[in-house]
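From first to last, the protein sequence lines stand for chains A and B. In terms of our numbering, the numbers along the first sequence are unbroken and rise by one, the last being 248. In terms of our numbering, the numbers along the second sequence are unbroken and rise by one, the last being 1312.
For the record, the hints were derived by calculation from the structure and aren't laboratory data. Remember, it's a predicted structure, so these values are computed and weren't measured experimentally. Just so you know, even glycine gets a beta-carbon here, dropped at the ideal spot from N, CA and C. Mixed in with the good hints, there may be bad ones.
Negatives, chain B to chain A, calculated, CB over 12 Å [said to hold, decoys possible]:
#1 Met1001
#2 Ala1041
#3 Gln1042
#4 Ala1048
#5 Gln1049
#6 Gly1055
#7 Thr1057
#8 Asn1064
#9 Pro1065
#10 Ala1210
#11 Asp1218
#12 Gly1237
Below, in silico cross-link-like pairs of lysine to aspartate or glutamate (EDC-like), each with a Cα-Cα straight-line distance of 16 Å or less [unchecked claim]:
#13 Lys1126/B - Asp123/A
#14 Lys1139/B - Asp213/A
#15 Lys233/A - Asp1235/B
#16 Lys1303/B - Asp1284/B
#17 Lys233/A - Asp1120/B
#18 Lys87/A - Glu200/A
#19 Lys243/A - Asp1294/B
#20 Lys187/A - Glu44/A
#21 Lys1303/B - Asp213/A
#22 Lys243/A - Asp1274/B
#23 Lys1139/B - Asp1120/B
#24 Lys225/A - Asp1274/B
#25 Lys1126/B - Asp122/A
#26 Lys54/A - Asp149/A
#27 Lys145/A - Asp1143/B
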Amino acid sequence: MKILVGLKRVVDYTVRVQVKPDGSGVAIDGVKMSINPFDEIALEEALRLRDAGKATEVVVVSIGQQSSMQQIDSGLAMGANRGILVKTDKAIQPLTAARIFAKLVEKERPGLVILGKQAIDDDANQTAQMLAALIDRPQATFASKVEIDGNLARVTREVDVGLETLEVELPAVISVDLRLNTPRFIKLPDIMKAKSKPRETLELASLGVESGDHLTVTHYAPPAKRQKGVMVKDVPELIAALKAKGLL
Amino acid sequence: MSRILIIAEHLNGQLNQSTAKCVSCASKISGASIDIVVLAAQPAPIAAQAASIAGVTRVRTIANPANEHAIAAVYAPQVCAIAGEYTHVFGPSTTFGKDLMPRIAALLGASQLSDVMAVDDAHSFKRPIYAGNAIITVKAPTDQLVVATVRTASFPAAGAGGSANIEAAQVDVQLPTHTRYVHLQQGGGDRPDLQTARFVVSGGRALGSADAFKLIYDLGDKLKAGVGASRAAVDSGYAPNDMQVGQTGKIIAPELYVAIGISGAIQHLTGIKDAGTIVAINKDAEAPIFEVADIGLVGDLFKLVPELMRAL
Chain A
1 MKILVGLKRV VDYTVRVQVK PDGSGVAIDG VKMSINPFDE IALEEALRLR DAGKATEVVV
61 VSIGQQSSMQ QIDSGLAMGA NRGILVKTDK AIQPLTAARI FAKLVEKERP GLVILGKQAI
121 DDDANQTAQM LAALIDRPQA TFASKVEIDG NLARVTREVD VGLETLEVEL PAVISVDLRL
181 NTPRFIKLPD IMKAKSKPRE TLELASLGVE SGDHLTVTHY APPAKRQKGV MVKDVPELIA
241 ALKAKGLL
Chain B
1001 MSRILIIAEH LNGQLNQSTA KCVSCASKIS GASIDIVVLA AQPAPIAAQA ASIAGVTRVR
1061 TIANPANEHA IAAVYAPQVC AIAGEYTHVF GPSTTFGKDL MPRIAALLGA SQLSDVMAVD
1121 DAHSFKRPIY AGNAIITVKA PTDQLVVATV RTASFPAAGA GGSANIEAAQ VDVQLPTHTR
1181 YVHLQQGGGD RPDLQTARFV VSGGRALGSA DAFKLIYDLG DKLKAGVGAS RAAVDSGYAP
1241 NDMQVGQTGK IIAPELYVAI GISGAIQHLT GIKDAGTIVA INKDAEAPIF EVADIGLVGD
1301 LFKLVPELMR AL
């Protein structure tokens, strides 16, 4: 079985993103870029499934400019077998990303597609579900545990009321949550070893994907600031302050 | 005129309050008619609750044994079968809605707006990105169906007092059998639900152990509060995942939020910024939580929390 994993290049989670003063966007020139943390978890899960003999090949996919090849490099250094960069200069939206993945699924015939549940830049949380819809296959979102048994995957999902378990037939799409695993660190020899792994670049235009970028961002604004509050010196003052607000 | 369809969220015959919050969001679109669709094995009791929400025009039911559990791959084609009658399809930005709505959007060839926090007009909405570090205004095309999830913390639940008609919708679509429900392990117990509780008490990494986290439950019980946790506390195993508050957990808006031993990473703050009053107790006076707290108290939580409980 082949597993397809998506790796999105995003602003590193440690960067505090600021809105440009003219409201035209966010100031991210020159900031540190990384693999979306959820996607790293997705890749780690795919690698563990391969190492456990449940899969034979892990293919990492990124969509973006040539710079996204860095994320493919990291994915190959983590242990993926090969990488595909779908090249485009345009920032694409989730529906387009899902359509691109659907094309790649047609081409690669994976048994599983594992994606992060959301990217920490647009926080959309859509691509995996959209892909599953487009290829008419099961989705198991927000996974905290994945077990493969023959043609079935048993997936535990983090839902608002607790943990839900689904059984899905393969091929299927899984989106992963934070507690599925802890991704491995890349060691220097792994980077060297990854240099010879196959990397393929596909021009988005050559895939014949209909654009799903229907939304237009017209303005960016910083979030409303909360008023700075008061400091109290002890518990009786805290109680008094809560009473003054009518909360006790 | 806008015709809005809202997908009801429910569990064990009870309508989730997120549905009334979606109604509240939809009612910000002027002149809109608002329908709710209830997919269930036995929708009648849930439909009755939905019909009593003020501002709802019509409740439609889709009864099918396959709708016993909310499986996105099963629900989505049924919603799509009636979506053509509408200009907007809304669902809550809970795990239920986040799972289902993109599947609906993709089947309809529509884009989705996630986490709508404000409505400018029928095709212009505000939503957060970068963990709430930026708020964007997004325009959806006027010649396409708008699919959106509603950030429930941004809207009050619409009131009761409605008396919408309840009608069975006839949908004739083939449903997949490739996805099967196995079981649901519910957490939480008898405590108030985090997303609807008036008060919420949360604990962070400073608790140091699952045993010590009991202190947070005790204070929560004393205040009749829901109990939450920071990602650090959940990752460390002090509290289960369904208690996580923040960017990738639950977004909440209680009247009172008490953060104990939580430093206040931006990912956590984004989950509480709509709280009425934020109280922070932390031993580090420089912790970012104090930047947003309405009332701050610096000190040792293991001394202050028991003292607070005695004083309540």
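When the hints from earlier in the document are held up against this structure, which numbers fail?
12, 15, 17, 21, 22 and 27
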